[in-house]
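Protein chains: 2
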Amino acid sequence: MPLFNRITIIGVGLIGGSLAKDIKKKKLCNKLVGFFRNKHKLDKAIREKIVDIGCPDLRESVKHSDLIILALPVNQIMRVLFEIRNEVNDKTIIMDVGSTKNTITRIADKLGLNFVGTHPVAGSEKKGIDFSTERLFDNSKVIITPTKKTNKKAILKIKALWKKLNANVVVLSPQRHDKILSFTSHLPHLVSFALINSIPSKFLPFGASGLKDTTRIAMSDAEIWSDIFLNNKELLKSLDVLQKELTKMDRLIKINKKSGLVKNLNKAKRKREAID
Amino acid sequence: MPLFNRITIIGVGLIGGSLAKDIKKKKLCNKLVGFFRNKHKLDKAIREKIVDIGCPDLRESVKHSDLIILALPVNQIMRVLFEIRNEVNDKTIIMDVGSTKNTITRIADKLGLNFVGTHPVAGSEKKGIDFSTERLFDNSKVIITPTKKTNKKAILKIKALWKKLNANVVVLSPQRHDKILSFTSHLPHLVSFALINSIPSKFLPFGASGLKDTTRIAMSDAEIWSDIFLNNKELLKSLDVLQKELTKMDRLIKINKKSGLVKNLNKAKRKREAID
Numbered sequence: 032m033p034l035f036n037r038i039t040i041i042g043v044g045l046i047g048g049s050l051a052k053d054i055k056k057k058k059l060c061n062k063l064v065g066f067f068r069n070k071h072k073l074d075k076a077i078r079e080k081i082v083d084i085g086c087p088d089l090r091e092s093v094k095h096s097d098l099i100i101l102a103l104p105v106n107q108i109m110r111v112l113f114e115i116r117n118e119v120n121d122k123t124i125i126m127d128v129g130s131t132k133n134t135i136t137r138i139a140d141k142l143g144l145n146f147v148g149t150h151p152v153a154g155s156e157k158k159g160i161d162f163s164t165e166r167l168f169d170n171s172k173v174i175i176t177p178t179k180k181t182n183k184k185a186i187l188k189i190k191a192l193w194k195k196l197n198a199n200v201v202v203l204s205p206q207r208h209d210k211i212l213s214f215t216s217h218l219p220h221l222v223s224f225a226l227i228n229s230i231p232s233k234f235l236p237f238g239a240s241g242l243k244d245t246t247r248i249a250m251s252d253a254e255i256w257s258d259i260f261l262n263n264k265e266l267l268k269s270l271d272v273l274q275k276e277l278t279k280m281d282r283l284i285k286i287n288k289k290s291g292l293v294k295n296l297n298k299a300k301r302k303r304e305a306i307d
Numbered sequence: 032m033p034l035f036n037r038i039t040i041i042g043v044g045l046i047g048g049s050l051a052k053d054i055k056k057k058k059l060c061n062k063l064v065g066f067f068r069n070k071h072k073l074d075k076a077i078r079e080k081i082v083d084i085g086c087p088d089l090r091e092s093v094k095h096s097d098l099i100i101l102a103l104p105v106n107q108i109m110r111v112l113f114e115i116r117n118e119v120n121d122k123t124i125i126m127d128v129g130s131t132k133n134t135i136t137r138i139a140d141k142l143g144l145n146f147v148g149t150h151p152v153a154g155s156e157k158k159g160i161d162f163s164t165e166r167l168f169d170n171s172k173v174i175i176t177p178t179k180k181t182n183k184k185a186i187l188k189i190k191a192l193w194k195k196l197n198a199n200v201v202v203l204s205p206q207r208h209d210k211i212l213s214f215t216s217h218l219p220h221l222v223s224f225a226l227i228n229s230i231p232s233k234f235l236p237f238g239a240s241g242l243k244d245t246t247r248i249a250m251s252d253a254e255i256w257s258d259i260f261l262n263n264k265e266l267l268k269s270l271d272v273l274q275k276e277l278t279k280m281d282r283l284i285k286i287n288k289k290s291g292l293v294k295n296l297n298k299a300k301r302k303r304e305a306i307d
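Chains as they are written, first to last, in this note's numbering: chain A, 32 to 307; chain B, 32 to 307.
Hints were generated in silico from the structure; no laboratory data involved.
Note that this is a predicted model, so its numbers are computed, not measured.
Please note that a few of the clues may not be correct.
Since the list gives no way to pick out one identical chain from another, each pair is judged satisfied if it fits inside one copy or across any two copies.
As the list claims (entries may be wrong) - Cross-link-like lysine to aspartate or glutamate pairs, in silico, EDC-like; alpha carbons within 16 angstroms at most: (1) Lys141 - Glu114; (2) Lys289 - Glu165; (3) Lys157 - Asp244; (4) Lys243 - Glu304; (5) Lys94 - Glu114; (6) Lys243 - Glu156; (7) Lys94 - Asp271.
All chains should be built: construct the whole structure from the sequences, respecting the hints.
Encoded structure:
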């Protein structure tokens, strides 16, 4: 028997589209509904059998589903929670895949929804359904962030869903999630954007692979990442740690302290090699 | 006729080894000599025919050569210039491939050497002859940095050498080189080291491809990069620009200014896409 009867995905892009492909392939529900504001994208998704049913009306699309997946940028997740709250009942599980969790889970709790926050730590700087792919979540980390109000049965079902997609599930509080991700994802993005902005355009053609790698994620979507930065207040603390580290490097160079510099760079090298 | 009669390479590692392989293959000299302090490495290089002659004595190794290539970390380049200055005559061209150019060319000029500074903008975080490879310089940028004292004929011969290796040669003053590279190479390395050091070790397993890409070059050699940082005083100015950019981002987040943030991130995205 499939895990769910009817699943609605709102936001059939890179993450939502990849979820759709695996959910269909692994038969994790009887009917898969996709919400598409855009008629052309709706027709294409039906034609390519990415979903069983395409629906251009948000509220209509979630009716009768026992799982609603919000695969949207963080701000849109919050907006949609408000829009669909009257279309669902206690048994409808709502799951999101947003990159910040604290604000989102707090709002879902306030609205009294049967909500489970999740964050698949996968993806790329690309966006859109054209970049969606089967098995995107194979061996990737997925963080589930229950609160005190989260329904225990719903957590088990969402865990089961991600495990069927071969993800490694980790459970963290929303606060802990936001703290960790502020360092491991949001800060690297912010740094990447800032670094490329610091370099005069006319110098850029002299950049080699090192520059390209450090700034690849600066090609990520500006809207999506602005919202993530604004939604995770932990980021300001991480940024403060980085700025202190840069100031330390600046001082070591100014006072020509090679031993201190080598020590600091070797520490970085060891930390990075440990995750290679 | 080959470009040179006898070439000596001092420092047969990633760059020096790759140079040796191409120089031999393209027959750019009659005899290729390699200096190896380490007997085991010397034997191996001879056995694998990377050089024609291996020499464990630095001064001995450069005798009778019409080109000496210093493929060493920047500080060692300066040390070797002092050590070999009495073994060479006006006709011996000395070329280096170091990542900073201002200090090195100034010292070479002071010693009255027939010196041409170059910097192939290629390589990786790896080091050592085992990572050397044929055609490393194909289509790569190589910057030649003559000073007022640099011999015109020597510049032409060094240009010819790099062109034979299929590199795109660009001529810049040493000062201009150091300014540009402080932004496009040295700053990204410094940021990469600082970023990974800012992240608590226990959080690192939550990092995805974004974190890995932005910090790959933090696996570079600590000694080599400490010397580069200390040898290019322009880096402190570039670092200052970055710190101002980070402070700007910090402020935009603090005052919740989404429009300013989106604008700034879109500027970064466009700049990065232009070099993709």
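So, going through the hints one by one against the coordinates:
In this assembly of identical chains, the alpha carbons of Lys141 and Glu114 lie at most 16 angstroms apart only when taken from the same copy (14 angstroms versus 75 angstroms across copies). Within a single copy, Lys289 and Glu165 get their C-alpha atoms no closer than 49 angstroms, and across copies no closer than 34 angstroms, so neither meets the 16 angstroms cut-off. Taking the shortest alpha-carbon separations for Lys157 and Asp244, both the intra-copy value of 15 angstroms and the inter-copy value of 15 angstroms come in at or below 16 angstroms. For a Cα distance limit of 16 angstroms, the shortest separation of Lys243 from Glu304 across copies, 10 angstroms, qualifies, whereas the shortest one inside one copy, 20 angstroms, does not.
For the homomeric pair Lys94 and Glu114, the shortest alpha-carbon distance inside one copy (13 angstroms) is at most 16 angstroms, but the shortest distance between copies (81 angstroms) is not. In this homomeric assembly, Lys243 and Glu156 come within 16 angstroms of each other (Cα to Cα) both inside a single copy, at 13 angstroms, and across copies, at 13 angstroms. With identical chains, the CA atoms of Lys94 and Asp271 are never at most 16 angstroms apart, being 45 angstroms at best within one copy and 55 angstroms at best between copies.
The structure does not agree with the numbered hints 2, 7 stated previously, though it agrees with the rest.
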